Every structure is written in structure tokens, then in C-alpha cells.
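Asker: Chains as they are written, first to last, in this note's numbering: chain A, 1 to 335; chain B, 336 to 566.
To be clear, the hints were calculated from the coordinates, so they are not data collected in a lab. You may find that some hints are simply not true.
[What the hints assert, rightly or not] Under the rule of at most 27 Å between Cα atoms (straight-line distance), these lysine-lysine pairs were calculated in the DSSO-like manner: (1) Lys100/A / Lys111/A; (2) Lys295/A / Lys100/A; (3) Lys133/A / Lys340/B; (4) Lys111/A / Lys227/A; (5) Lys295/A / Lys227/A; (6) Lys340/B / Lys118/A.
Fair warning: this is a prediction, and the values are worked out from it, not measured in the lab.
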Amino acid sequence: MVRGPRRKLYTYMAVTVLYALVIAWWIVFFSRQDEILLGRMQRLGAELTPAQSRALTEATDDSMRMFAFEGAFLGLLLAASVVLVLRSLHREIALQSSQKNMLSAFTHELKSPIASAKLYLESLHQGRVEPDKRERYLAHAREDLERLHRLVDEMLLTARMQSVSPQLTLEEHDLAHLVERGVQNVQSDPAVATLAIQLDLRGPLPVRADPRSIETVLRNLLSNAHKYGGASSRVDISVGCLGRDAFLKVRDRGPGLRGQDPRALFEPFVRGGEKLVSDQPGSGLGLYFVSELAKAHRGRVTAREAPAASGGGLEVDLRLPLADGAAATREGDRA
Amino acid sequence: MSGEKLLVVEDEAHIAEVVCDNLALEGYEVRTCADGNEALEQVRQWRPDLVLLDVMLPGLDGFAVCARLRAEQDQVPILFLTARGAPDDRVRGLELGGDDFLAKPFELRELVLRVRAILKRTRWMQSPHPAGDRLKLGDCVVDFKTFQVSRQGTSTELSPKETLILRALAERPGEVVSRSEILDRVWGYDAFPTTRTIDNFIVRLRRMIEDDPQNPRYIHTVRGTGYRLTP
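With the rest of the complex left out, here is chain A:
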């Protein structure tokens, strides 16, 4: 656990125990009021008539009921506040731990290209490089700097996503239309242009979405399909609805999950199911962004291996809730 939240937790637990002790003392004190009163009267030598004694018992019983009710109410209030505070501390701890992991991952990712670019340039500077290798060293140093540039851009985007949840303009759009337009825009990317994309759009599907984010999702998924899709360039994109959700599925014909946990693909700096595999350009943040954008749309994203009988490959499935009213009218229209 992180030090800050732990200290807060201990302080809060101490205050809670103190409150609980005060409430317990308060209940005990009031429940003994009739005994104390009777004791005092006996010490004063006062004699009560049976009617007076009954009236006193009734009065203390009424008070007891009131104290029991108030005690229970305060106890409940205390329990509720414990739950709320613990939940908030838990969230704070999770956030701090995620930020710490992210920082450590970024540090590693930044230092690697800096280290290799520095070593290439140092070797060139010291004249230790054979003439036939000079061009390659320069090209590799440039690739390292480009990787560094991409990483810095993506770090800034991640920082924006983590500090304020992404500033999205969520408006009602037809997901099928957004995907169609998004694919057209993304195809200007030379890598994506080589893919044979098959579209299956079953709209209209009204969702509250940010068009630019949907395009980012498509760009990242198609870029991954290009990098990890293996020999086949075929990619299937299907859009439809299932229950109260609209779905966008992107499937390549590559090697699929290769035995990896599909949830791990959405963690930062995981590439092709294996951490830090550097035979492909990329930072390992693409699917992490897709998952963060899905959350910002109140949706979710999962990955699974497509059945081998239908050609295999990896299928990424983004679900967004259908806009109010649309889900009801679409009952029965299951894809």
C-alpha cells in the first residue's frame, strides 16, 4: 500500500474507534439512568408508591427506546461513513499504484531508445564503426529518436487521460456511420491502406460517442491488425447491436492470442501478448488507449481468439451502450 493512504487509513480507523467508544459509552450511560435515579432516591430515603414506580419505569422505557433508536441511527451513520471512506481510500490507493506502475513502465520505455541512440552516436563519434555499418547505425539511431518522439506524444495523451478523464464531446451519433467515415479517414495511413477490409455495418445504431475517439480506436485496432495480422491482410469490421449495447468488432487473421491472457493486452506496454517485444514499431499503448476510450464512453472492450474453423485470428470487441430509448426499440433485433 502507498504510504500516504496508509497513514490516512490509520488516522481514520483511530477516529472511528473513538467515535464507536463514545457511542457505546453514551448507550451504556443512558441505559443505566433508571438504576442511577432509583439508587439516588433510595439513598435519600424516598419511598415510591406502586403508581409512581410504574410511571418511572414507563418513562425510562420510553427514553430507552429513543436512545436505542438514536444509538442505532448513529451506529449506521458511522458504518456508512466507514464504507464510504474505505472505498475512497481504496480508489486512491489503486490510482496511486497505477500511476506508479505507469511511471516505472514509462521510465523503462524512455530509457531504452535513449540508451541505444546514445550508444550508436557514441560509437560513430569515436570512429569505432566499420564503414559498411555507418549508414545502418545512423538509421537505427534515427528510429530510436522516432520511437522516443512517439512515446512522448503518447505519454502526454496518457497523462491527459489520467488527470482529467478525456475531454470527449459525447453526442448522439450513428455508430455504423461513424465507423464507415472513420475507416475512410484511417485508410490514408499507408500501413492501413495495405489491409483488405471487409465491412459489415448494421445501422443505424444511436450511441453517445465522440467521433474523433472512434476514429482513434479504429486507427489503433487497424494498425495492430497490420502489425500482428500475419501473412493475411484480411480484416473484418462488423458493427451491430446485442441487447442494450452496440458493438464494433475488428478481427484479423493473425496468430491470435498465442496463449496469452486477453485482458493483459489492454495493459500499457504489452505488445502482441508479450511484454516489450521490439521487433515491431510501436509503444504498446494502442490497446490501452482503446480500453481507456471505451471506459470514457461508458463502454468496455474485450479480446478473444476467433474460432480456428472460421480462419482464426484475434477479434477485439468494443461495446458501447445504445442511446436512451434506442435499446428498447431494438429488443429482438439481435445481431
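Start from chain A and add chain B according to the hints.
Answerer: Just chain B, lined up with the frame of chain A:
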């Protein structure tokens, strides 16, 4: 000395290439591999003289590779090369039996110097001791070749570091050997954050060698300077 075998375990292809080329230019025979399990296989089969080991590796990470090798009693020298340069990581790597630690990004010259220093220490450890391979301290016999201390019929295994410390002291019997000199010869000049580490090793050695570790007869502390061995 050239021709010594170095294994570079690094999953970043660019770093592996440039490190390999530069070490090959120094005259070493260099091989690379990109994951922890393959590194274990290479160490077992190729028997390198030094392993340059990245910490964050796919499959088995560098710390796990080091721990696995030490558990197999494989004392091949290990130089960690990693982007994780925090003191905790350095200490962990060295505690697991690593010999030195170099944080990325590093200077080529420093890398080459550290490689040379580790190989020099290894050669020193493997070279015959001037006074023979055995050191007799009362009824206790230290064997520098088998890393064992025998005493009254029982023998105890010494770690390579313990053996090296004893050797550094035994090479100059009766003379004071400073803590920093021991640190330099046994670990390399800046491998550990504090020279107090040696004091802990000395405490362990006294327990094995001395009749009364509180009043040592053979390994004496010279206050503020270092240690002296009087056989």
C-alpha cells in the same frame, strides 16, 4: 585479455547490436539472446566468462535468471544492464548474486571498463594463490579452490565473495587492507552504496574461522581503516 566469451542478454535489438559490436571490437567473443530461458540454456551449454543481463526480459526476467543460475551453483559473473537504476533494484540484483550493475543509458567506455574489471577479478579468483591454494589458521583450513573451510572434521561452504575477501587479506598477511581496497577487488569500485557491507561479511567469516568471534585471533579490525589477517 581477448577471446573471452561474453553473453549479452538483451531484448532491445538495437542495444544488443551496438553493445555486441563494441565488445567484439575489444576482442571478446560475443553472443546475444533476447529472453531469459534462452539465456539459461546458453549459459549452461556455451559456458560464457561473463553475462551482461538486462533485467526486464520477456519470459523469465533478469533477476530470475540470476537467481536460477546461483541456485544451480553456477558462479558465472553477471553484470546487470538495466533501465531500472533505483537503489532498491541495484541492491536486489547484487543480493541475488550479481557482480555489478550498470544503469541505462550508460557510456560505452564505462561499459567496457566494467567488463574488463569483472573479468580481471574473475581471473584473479581463478589464478593460483601465491602461498598455495590452502590457508591454515589454527585448526581451521581454508581451501580457495573448493571454497571450503574445514575445522575439526566439519567443513563449511564459503560464498565466492567470502572467499575473495579472505584471499585479499591472505595475500598480504600482517598488513592492513583497507575497506575500499577490499570493495574494489571483490565487488568493483561503486557496486555497493556502503563499505559497511564488508563488515557484515567479516562477521560471518569470523564465525567460521575464529574460536571466539568476539575476541578474534586471526582477522583483526583496524579502527577506521580496514582489516588485518595474522595467520
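Asker: Give a verdict on every hint.
Answerer: Hints versus structure:
| no. | hint | result |
| --- | --- | --- |
| 1 | Lys100/A / Lys111/A | 16 Å, holds |
| 2 | Lys295/A / Lys100/A | 21 Å, holds |
| 3 | Lys133/A / Lys340/B | 23 Å, holds |
| 4 | Lys111/A / Lys227/A | 24 Å, holds |
| 5 | Lys295/A / Lys227/A | 25 Å, holds |
| 6 | Lys340/B / Lys118/A | 25 Å, holds |
The structure fails none of the hints (numbered hints given earlier).
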